[in-house]
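Next come the chains, spelled out residue by residue.
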Amino acid sequence: MKELKRISRRQFLLMTGLAAGAIIASPSVDGLFKSSVAEAAKPEKEDIRDVLKKFFDGRKINYSRVKLKTPIIAENGAVVPITIKSDLPMQKDHYVKKIYIFVDKNFHPFTASAELTPANGKAALSLRIKMRKTSNVRVIMETNKGELYGAKKMVKVTIGGCGG
Amino acid sequence: MAKGIGKIKIRLPRRYHKGDVIPVKALITHPMETGFRKNKKTGKRIPAYYINDVSVYYGGELITHMEWTIAVSANPFMTFYLKADKAAPLKIVWKDIKGKQFEKTVQIKPQ
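Going down the list, the protein sequences come from chains A and B.
Start counting the first sequence at 1; every next residue gets the next number (my numbering).
Start counting the second sequence at 1; every next residue gets the next number (my numbering).
Since the hints were derived computationally from the structure, they do not count as laboratory data.
Please read these numbers as outputs of a predicted model, since none were measured by experiment.
Built from N, CA and C at the ideal position, the CB exists for glycine as well.
Heads up, some of the hints might be wrong.
Distance condition first, Cα-Cα at most 30 Å in a straight line; then the derived BS3-like pairs of lysine-lysine [unchecked claim]:
1. 97(A) <-> 100(B)
2. 133(A) <-> 98(B)
3. 105(A) <-> 95(B)
4. 97(A) <-> 85(A)
5. 104(B) <-> 92(A)
6. 122(A) <-> 91(B)
7. 25(B) <-> 86(B)
Here are some chain A residues pointing at chain B (derived, C-beta under 8 Å) [said to hold, decoys possible]:
8. 78
9. 108
10. 113
11. 124
12. 126
Here are some chain A residues the structure puts well away from chain B; computed CB gaps all over 10 Å [what the hints assert, rightly or not]:
13. 56
14. 57
15. 60
16. 64
17. 75
18. 93
19. 134
20. 146
Let's have the full structure, built from the sequences with the hints guiding it.
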């Protein structure tokens with residue numbers, strides 16, 4: 001009886017020790033494994049602020065005069081239709097030279113750009129884009145005089161579109 | 001998926017007058033692979049393959065030039081505007097990163 005009790009106690013201690021060890025060890029091992037896998041699979045992220053600085057060299061963006069139409073909730077991030085409109089003039093001496101589209105939380109926020117000329121008659125564009133997750137969509141228009149106008153809108157994404 | 005790359009559908013309004021600003025809708029068939037996706041059976045990554053350059057010529061003059069990245073949806077659908085002030089051909093040229101080039105011309109005939 002005594003013997004049995006001692007053994008059971010020893011076993012108990014051994015078991016608890018093992019269990020505790022396993023618990024302590026498991027998350028770290030798991031975490032390490034996960035992070036290394038994630039690093040291999042995911043490309044480098046670019047921050048939207050750095051990207052904007054790179055594109056516009058710190059020039060001030062006026063968030064007005066551009067209208068951006070997007071769905072409020074995108075069911076499928078692989079196909080998000082966006083429509084850009086603006087009341088900016090398209091005359092020979094004053095026109096929208098370039099439209100930029102950015103998605104803040106994509107790995108590479110720069111999505112597309114379009115160089116326009118007065119022959120377009122209208123500073124407008126529609127396109128379908130991909131979004132990895134819920135974030136802002138940002139549109140910036142540059143006129144031939146160097147003014148920057150923009151618009152941004154939050155789009156909720158329920159299924160990501162960049163294949164991760 | 002590789003089937004049909006290089007196809008385009010261009011849609012113009014049925015009737016328009018000289019000087020009208022008309023929408024031009026174009027649907028290009030292209031997989032627009034991001035390079036992040038994996039083949040589920042083999043686990044191998046599908047290499048990136050996308051259109052990065054689209055040009056629109058109206059009567060021989062470059063009117064719109066677009067630069068695209070992987071974040072444009074597969075089978076890109078775009079709408080842009082055009083001031084139809086002359087009867088001239090409208091040519092859309094697009095290139096992908098494998099260096100393939102495609103083009104299609106439609107006639108702009110204002111009434």
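10 Å cut-off, C-beta based - residue 93(A) kept clear of every residue in chain B:
The claim stands: residue 93(A) keeps its Cβ more than 10 Å from every Cβ of chain B (closest is about 16 Å).
Report holds if the minimum CB distance from residue 146(A) to chain B is greater than 10 Å, and violated otherwise.
holds (19 Å)
Against chain B, does residue 134(A) keep a CB gap of more than 10 Å to every residue?
holds (15 Å)
Far enough from chain B: is every CB of that chain over 10 Å from the CB of residue 56(A)?
Given that every Cβ of chain B is farther than 10 Å from that of residue 56(A), nearest at about 16 Å, it holds.
When you check the alpha-carbon spacing of residue 104(B) and residue 92(A), does it fall within 30 Å?
Between residue 104(B) and residue 92(A) the Cα gap is close to 28 Å, so the pair holds against 30 Å.
Decide, holds or violated, for the assertion that all CB atoms of chain B are farther than 10 Å from the CB of residue 64(A).
holds (21 Å)
Whether residue 57(A) stays farther than 10 Å from all C-beta atoms of chain B, as the label says
Given a closest Cβ separation of 18 Å, the condition holds.
Is the Cα-Cα distance between residue 105(A) and residue 95(B) 30 Å or less?
holds (27 Å)
Can the hint on residue 126(A) be confirmed by a CB-to-CB distance to chain B that is less than 8 Å?
Holds - the Cβ of residue 126(A) comes within 8 Å of chain B, reaching about 4 Å at its closest.
Please confirm whether residue 75(A) is truly not at the interface, meaning its C-beta sits more than 10 Å away from all C-beta atoms of chain B.
holds (13 Å)
Can you confirm whether the C-alpha distance between residue 122(A) and residue 91(B) stays at or below 30 Å?
This hinted pair holds, its Cα atoms lying about 19 Å apart.
Taking the least C-beta to C-beta distance, is residue 78(A) closer than 8 Å to chain B?
holds (6 Å)
Of the numbered hints given earlier, the model fails none.
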